[in-house]
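J.: What follows is each chain in one-letter form.
Protein chains: 2
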Amino acid sequence: MNQQVRVTFEPHGRAVFVLTGTKVIEAAGRGGLTIDTPCGGAATCGKCRVRIRGKVCAPTTEEKAILSEAELADGWRLACQSSICGECVIEVPETSLFAGRHQILQDTHTDGETDVLPAVRKQYVQLPEPSLDEDAPDLIRLQAAVGPVDAGLDVIRQLGRRLREGGFAGTAVLTDHRLIDFEAGDTSARCHGAAFDIGTTTVVGSLLDLVTGQEVAIDSAMNSQVRFGDDVLSRIELGSTPAGLEELRTEILKTVGTILGRLCEQAHVGREEIYEIAFAGNTTMQHLLCGIDPAQLGQVPFVPAYGRSLTVSAADLGIAIHPRAQAVVFPVIGGFVGGDTVAGMVSTRLMEGNGPDLMVDIGTNGEIVLALEDKLLASSTAAGPAFEGARISCGMRATAGAIEKVVFDEDDVNYSVIGHVDPAGLCGSGLVDLTAELLRSGLVNSVGRMLPPDELPEGIREALRNRVILDGGQPAFVLAKPKGDSQGVVLRQKDIRELQLATGAIRAGITILLKQAGIAVGDLKRVLIAGGFGSFIRRNNAQRIGLLPPGIDHSRIHYVGNASLAGAKWALVSTNARNRGEHLARQARHVELSRDMEFQMEFAEAMIFPDK
Amino acid sequence: MNQQVRVTFEPHGRAVFVLTGTKVIEAAGRGGLTIDTPCGGAATCGKCRVRIRGKVCAPTTEEKAILSEAELADGWRLACQSSICGECVIEVPETSLFAGRHQILQDTHTDGETDVLPAVRKQYVQLPEPSLDEDAPDLIRLQAAVGPVDAGLDVIRQLGRRLREGGFAGTAVLTDHRLIDFEAGDTSARCHGAAFDIGTTTVVGSLLDLVTGQEVAIDSAMNSQVRFGDDVLSRIELGSTPAGLEELRTEILKTVGTILGRLCEQAHVGREEIYEIAFAGNTTMQHLLCGIDPAQLGQVPFVPAYGRSLTVSAADLGIAIHPRAQAVVFPVIGGFVGGDTVAGMVSTRLMEGNGPDLMVDIGTNGEIVLALEDKLLASSTAAGPAFEGARISCGMRATAGAIEKVVFDEDDVNYSVIGHVDPAGLCGSGLVDLTAELLRSGLVNSVGRMLPPDELPEGIREALRNRVILDGGQPAFVLAKPKGDSQGVVLRQKDIRELQLATGAIRAGITILLKQAGIAVGDLKRVLIAGGFGSFIRRNNAQRIGLLPPGIDHSRIHYVGNASLAGAKWALVSTNARNRGEHLARQARHVELSRDMEFQMEFAEAMIFPDK
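From first to last, the protein sequence lines are chains E and L. The numbering of the first sequence is the working numbering, which starts it at 12 and goes up by one. The numbering of the second sequence is the working numbering, which starts it at 12 and goes up by one.
Just so you know, these hints were derived from the structure itself, not from any lab. Do not take every clue at face value.
Stated by the list, open to error - To spell it out: a stretch of chain E is covered by chain L in this simulated footprint if at least three of its residues, at any positions, have a beta carbon under 8 Å from a beta carbon of chain L; those stretches are:
| hint | stretch |
| --- | --- |
| 1 | 198 to 212 |
| 2 | 445 to 458 |
Unchecked claim - Here are some chain L residues the structure puts well away from chain E; computed CB gaps all over 10 Å:
| hint | residue |
| --- | --- |
| 3 | Arg17 |
| 4 | Leu170 |
| 5 | Ser231 |
| 6 | Arg273 |
Said to hold, decoys possible - Here are the in silico distance ranges between beta carbons for each label pair:
| hint | chain 1 | residue 1 | chain 2 | residue 2 | range |
| --- | --- | --- | --- | --- | --- |
| 7 | L | Ser142 | E | Lys494 | 49 to 59 Å |
| 8 | L | Gly562 | E | Asp144 | 26 to 36 Å |
| 9 | L | Arg238 | E | Asp144 | 16 to 26 Å |
| 10 | E | Ile530 | L | Leu143 | 33 to 43 Å |
| 11 | E | Glu609 | L | Asp197 | 38 to 48 Å |
| 12 | L | Ala195 | E | Asp144 | 29 to 39 Å |
| 13 | L | Arg238 | E | Arg172 | 22 to 32 Å |
| 14 | L | Pro334 | E | Glu609 | 15 to 25 Å |
| 15 | E | Ala195 | L | Gly196 | 33 to 43 Å |
| 16 | E | Val222 | L | Ser251 | 19 to 29 Å |
Where a beta carbon is used, it is the ideal one built from N, C-alpha and C, also for glycine.
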């Protein structure tokens, strides 16, 4: 059985525990690193190269074709091919990352505008001391050095003393054109920002060094609002009363606070050294974070309170970082196309001349964005929680005990379980794998019907045939047999129906957007799959069950990981990126799928599995 | 003896109590109305016409020369000539006011830029209701109607509910480009601002209707900080400790709060209907109001904490008006040339093509500004408190019992006392009058020596001669004899010396500025006398004692009253005026008089009274 081992990524210094056999690309994703695979994991482009020290698997044929013998001997491997064999350290070159720091820090647009321009900057100054001949006010003296910045009362109240205590030298801390502090001595090397992706279930935070642009810590936690219900609608309902809203706001602040504490601890950074914080989340999460009544998000026509990004005082929001830090909350497009989608649009560089691009964030709420040269369509579709393991009889989240990968080989059924324990259920990626394999084997037909034992065709292998049972009169597939405390893992007919609803909703959404834009699947240059779930499904299986449209080459499908967090980070490091987000959000046309006459028909059609 | 009577000014509706015999122009000044007298009160220009109903004095010869019989019969008089005979109502046409509302509201600059443009504006909107076809966020829906305004969390939190309760209609309240409220119904006719002049001794507040530009209430009170010392330096000393600063801040907020309460009561306006507040005061008062340590203002080189105007939340300042109202605090030029001077520069329209102009604010600290076509010089001089009656043996403030006017005629010495009571002392204007009369009569010589009884020349009238006594071996002049409880009012040699110091400081300052600019007194187009005290001194007497330079025609001397308050009001009504203040303050060169080698010599010279 697979073992859980420690993998450390350099130069990022991040460590994760994964099962042996896990693909390197997947392990990197768990560590917050999205490795680029332009060839779609076909081992043809060689872009995903990493260097493994410690326990290294033997190279595959594909790796041998791409990498030289010297490289292989030196530990170089392809992240899309190589698997984790044991404890190791993996060096990930900047050039192997997708839309990562490398691009943020070094890309320069054709107009010469650079992207490295945080809103927060520090400037150490040594000012001339005042005299009767040169008696300019303190703030004007400082402004002569740092430009015509605004300052609030708090800063002005302290400025005179700080200037004199420091011999008229010190460090000005500026956010946009505002002086938020004047610190003793030269602190210009220490300047941090925090970026958050606020999910309905999971909250991920990243701490950035705004001087170098480097991520210095990453951490995540369950959104503690889940104790009030795990779906968005239940939050909207509770948040529609003043007391409920306050309760939910307090919970999310608690989660953010916990993560901030851990980030600071990891990186040895003081909370007051965080001068800006950026939040991207779905529209409801952003409303709750801001203490805005979400009631309208639960009623037709699902109107958000605000659209453009909000720049508010972090303290007003209730977040304890630098007392005059500002918080930036991403712009939203619609009630169910939120700041997380906009952040993803920023980090995947939609509308920058490479399109047509399709971005799909697969989750309970599937957001779909289609970017053409001259237009941007955005919509959302209620996929339901099947991909997160909910409403599936043996479904579960991707935590310990979940079967996350299923492969049928000639002998038997193989699966891997998260956490080196007995299998307890099936998470989203396992569900996709299993369904794809059942379709390939002919145990499920194209309309999603599971064949009962007595209808199984002749050619079915014994190993599979033995697993098909009747359960309450309905056919079912036994993936893992009961063992000890484990009740086993069984896929039932109704589970397939749930998956069909989920994939159908997303596929229908994709189809409608393509139709409205007047383009075909084949015209797409990139299909970008975002979201934590999306990173770990296998492309061929996703296409086999019809989640992703057929007719598009694997090489055009890119997993972009947590594109929302990446966008939030980008907004901290670059005001240009922030402005692009604002622009993209307002440029986007919000397509309400239910208003499209063809949506129901497309939905029904998309529920039918592709022929092969 | 003169009686105190009620005089009401229309259309302003303001009432004051003054002694009969008071000039109309002076009574108007007490009511906050500054009447323009381009001819310097010589009754030649006819600009100061007013219409008196009720008790009307007979017209003077000068009035008969300017006004027609029909006009005189209709009650028209010249404010510079006519006196109050009894209770009356005086109609003051807009055209008779100096730099008043008339100009604020109707002047258009040559470039077509109008001055009527408050930062605060209201806009009633009726928005289209959202639908699935048109599901823009609430704030964007509103922004489509009012422009791309920012909004804080508080407003966004309420917006959705207010929009829906009001059927998507309501009134947006905007300050600059910020949405500070969205009110139910159409409240666009009710929009107010408050302007304050914060003096070391007196605080004056004005409530403005920002829709019409009209002043709807005016009120004043003693700055309750005076209980900690009545001069600026004692405030600076106390304010240099954290506890003392907080005490002084609390006091000034108390005074402002009291005045605001009375303004609202007078005009039937709710405090939350005041959306902006502007403050002009000397540099120390502005620092204390903002809670900024004034210690540096008490030490060479007297450096203020800030220079440019501050725009802060009124709530942060501690002022209870609309919760999201902003407070504008005037820019300052130097430690002793503050926002009050800048506000005066705005309201007197310095640097707008009419110069060279000299503005003098006469008080304990005399501010002197010289405006030429291409430069602006500003300085301050420590005149001492003589003009406010302090350090004068029988001196007192201009309150009940103060002799405020002195005239020697052929028979005797005449004086008027404020408040219809026995004389208790001498206030600043009485001191100037008396000294001028003593100079004219030869009882005081040009170096300021009071002649003792045995040195009095032959021609001195008996009525005067009898009043000259020896007091502790020094000559003195008995203005009012002891009577009942009153101890009488006596002017002593040392009082003359105090006055010489005060006038010398101001005159020397004027001389230095003129020298630095390379112009002569005769080149000045206007001499503008600001400040409460300045409004009521008689021009000829001010020149006789050398307070104002000789060699300038009376017609060029204008009393501009509380120019600081006028500037603060103007800043509320016009963002252009506000910007002009910012520009003027930074354009000004701060002249530190003590750095000019010639200042001490000029000072000594200026203490000698002019020959005639």
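J.: Against this structure, judge whether each hint is valid.
T.: Hints, one by one, checked against the model:
With a cut-off of 8 Å between beta carbons, the stretch 198 to 212 of chain E has 0 residues touching chain L; three or more are needed, and the interface restraint is violated. Given as covered by chain L, the stretch 445 to 458 of chain E fails the check, having 0 residues with a CB less than 8 Å from a CB of that chain where 3 are the minimum. Here L:Arg17 stays apart from chain E, with its beta-carbon at least about 43 Å from theirs, past the 10 Å limit. With a minimum CB-CB distance of about 6 Å to chain E, L:Leu170 fails to clear the 10 Å threshold, and the non-interface call is violated.
The non-interface label for L:Ser231 is consistent with chain E: the shortest C-beta to C-beta separation is roughly 26 Å, beyond 10 Å. Annotated as non-interface, L:Arg273 keeps its C-beta farther than 10 Å from every C-beta of chain E; the closest such distance is 26 Å. Range check, L:Ser142 to E:Lys494: about 56 Å between beta-carbon atoms, so the 49 to 59 Å window is met. Under the hint 26 to 36 Å, the C-beta atoms of L:Gly562 and E:Asp144, about 32 Å apart, fit the expected range.
Between L:Arg238 and E:Asp144 the CB atoms are about 38 Å apart, so this pair departs from the stated range of 16 to 26 Å. At about 24 Å, the CB distance of E:Ile530 to L:Leu143 disagrees with the hint of 33 to 43 Å. Between E:Glu609 and L:Asp197 the beta carbons are some 44 Å apart, a value that agrees with the proposed interval 38 to 48 Å. Separation of L:Ala195 from E:Asp144 is about 58 Å and departs from the stated range, judged on CB atoms against 29 to 39 Å.
At about 27 Å, the beta-carbon gap between L:Arg238 and E:Arg172 stays in the expected band of 22 to 32 Å. One distance hint, 15 to 25 Å for the beta-carbon pair L:Pro334 and E:Glu609, is violated here, with the actual separation near 50 Å. About 52 Å separates the C-beta atoms of E:Ala195 and L:Gly196, a value inconsistent with the hinted range of 33 to 43 Å. The given range of 19 to 29 Å is broken by E:Val222 and L:Ser251, whose C-beta atoms sit roughly 37 Å from each other.
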